[in-house]
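Student: Top to bottom, those sequences are chains A and B.
When you line the first sequence up against the numbering used here, it's residues 80 to 366, in that order.
When you line the second sequence up against the numbering used here, it's residues 80 to 366, in that order.
By construction, these hints were calculated from the structure, which means they are not laboratory data.
Heads up, some of the hints might be wrong.
Some but not every residue of chain A turned toward chain B, in silico, with C-beta under 10 Å [said to hold, decoys possible]:
#, residue
1, Thr106
2, Ala162
3, Gly166
4, Val280
5, Ala339
For each residue, glycine too, the CB sits at the ideal point set by N, CA and C.
2 protein chains.
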Amino acid sequence: MKIGFIGTGVMGTGIINNLLKNNYDVTVYNRTKAHAQPVLDNGAKWADNPAALTKKVDVLFTMVGFPKDVEDIYFGENGIMNAARAGQYIIDMTTSKPSLAQKIGQLGDEKGLHILDAPVSGGDIGAKKGTLTVMIGGHKEDLDHLQDLFMTFASKLNYFGSYGSGQHAKMANQIMIAGTMTGMTEMLVYAKAANLDLEQVCQTLQSGAAENFSLGSYGPRILKGDYTPGFFAKHFLKDLRIALEEANKMQLDLPATKEAKHLYEVLVDQKKLGNDGTQALIKLWWK
Amino acid sequence: MKIGFIGTGVMGTGIINNLLKNNYDVTVYNRTKAHAQPVLDNGAKWADNPAALTKKVDVLFTMVGFPKDVEDIYFGENGIMNAARAGQYIIDMTTSKPSLAQKIGQLGDEKGLHILDAPVSGGDIGAKKGTLTVMIGGHKEDLDHLQDLFMTFASKLNYFGSYGSGQHAKMANQIMIAGTMTGMTEMLVYAKAANLDLEQVCQTLQSGAAENFSLGSYGPRILKGDYTPGFFAKHFLKDLRIALEEANKMQLDLPATKEAKHLYEVLVDQKKLGNDGTQALIKLWWK
């Protein structure tokens, strides 16, 4: 079974390395070839564009930045969909629009492809360790067929239903994280102003009803002044925009998520800090 | 050592039962005597007012609803401070204003009392199990003296510094929880509208980067339609008001916490659901 992978960012690199470790034959494509060098050094092969890659493989994963990038690699010049042949498995792991996942899925049905939307949670550490949580939409039997392959980089596979429902589950995930990130940030801002020992505050809160993954994972990084991206602020803002666009379509008002989106807009669009990690939100208060 | 306890609510009852189990001699007072019946049945004695109780005991705990109630029992008619004698230990575990804790502490210093502010985290379950997290301000040696007593109902004692700093740490805790509660609520609202299996969504999110105590503890209660208070919505609103008042004094703008306060105001003040648990926030969307 030949595997293709488009997108060698933080997450993609971790996943590809796990596939290589499990002796899969992996060919990759990335817009900026230099960013693929680490996985090429580990034994991955290179293809010159999405179409060329699609023609070489049985199973193709994609994990790029924005819905616009997904549109480009699936439907653009030298795109996946024109090159794909019946029977191929094509899985988008980008966190992207549920409506786009539905569009790809329906076109895939017409062409006899096996399509899944499969965004993940668990961050850079999960990708590296192979312990990602995957949220999946599409035909259940297609997931069953790829179970072993997924488990080389995931510890949990969660099937949610038809095309786009993996993306919807991921949106729910990001809405939850919007709460933990804004809560953690404002908590630290308050605690610092009140002259509390911040390390002790983090430890104390983690042992009670305020406990959460963001605090445990990003609290210590903030206290060390480490804003390197486990997850890019610009990508999180993209996710919140998709979530609120979808909520809007469903006539839902989600004011706390809106406020989180607004804060990340200030960070990314005004302060131009989108290439920092999500924990850089605290820079809106701390200099 | 004779123990006094004022306030036999959900939390107080759990703590008193743990003191009784450890064979402490406990006398209690509560504004509504009927609410003290469960601990009286378990062997606690009764005093007719805060002053009468203060005169009988060596160590006095207070855990009431609002800062106004703390003012009343400490400074009102038949209040604690007029009845207290040098050498007594008096600990307020109500989540209350840092400035009020400072006032009680300074007056206590003048009178030769040992004062601590010691709000807790861990909810009704923590109080019952004796696994509360305590956040403490005051003189460190007074905490050291009471270590064993505290450990009958707590699993962690966290000393933060001078009078009021226990309350400040608790405010930080509540700001964090404002994020997890609004995030969880809006996440469930979104997931339900997207027709996802909500139980599976909760399980999936708890295994990844969205994981948090509120989701683990209150998610299942919401799915069962259980809005009984582990923690009263009206008390959480009180906490958020104190936190934002303190933030304001420190010239901090905390927009996500403000939005959370606004949502709980709608729940408590407009919808009159303050006697529900904090998880009832979802009733702003679900009928």
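Student: Tell me the hint numbers this structure goes against, listed in increasing order.
Tutor: 1, 2, 3
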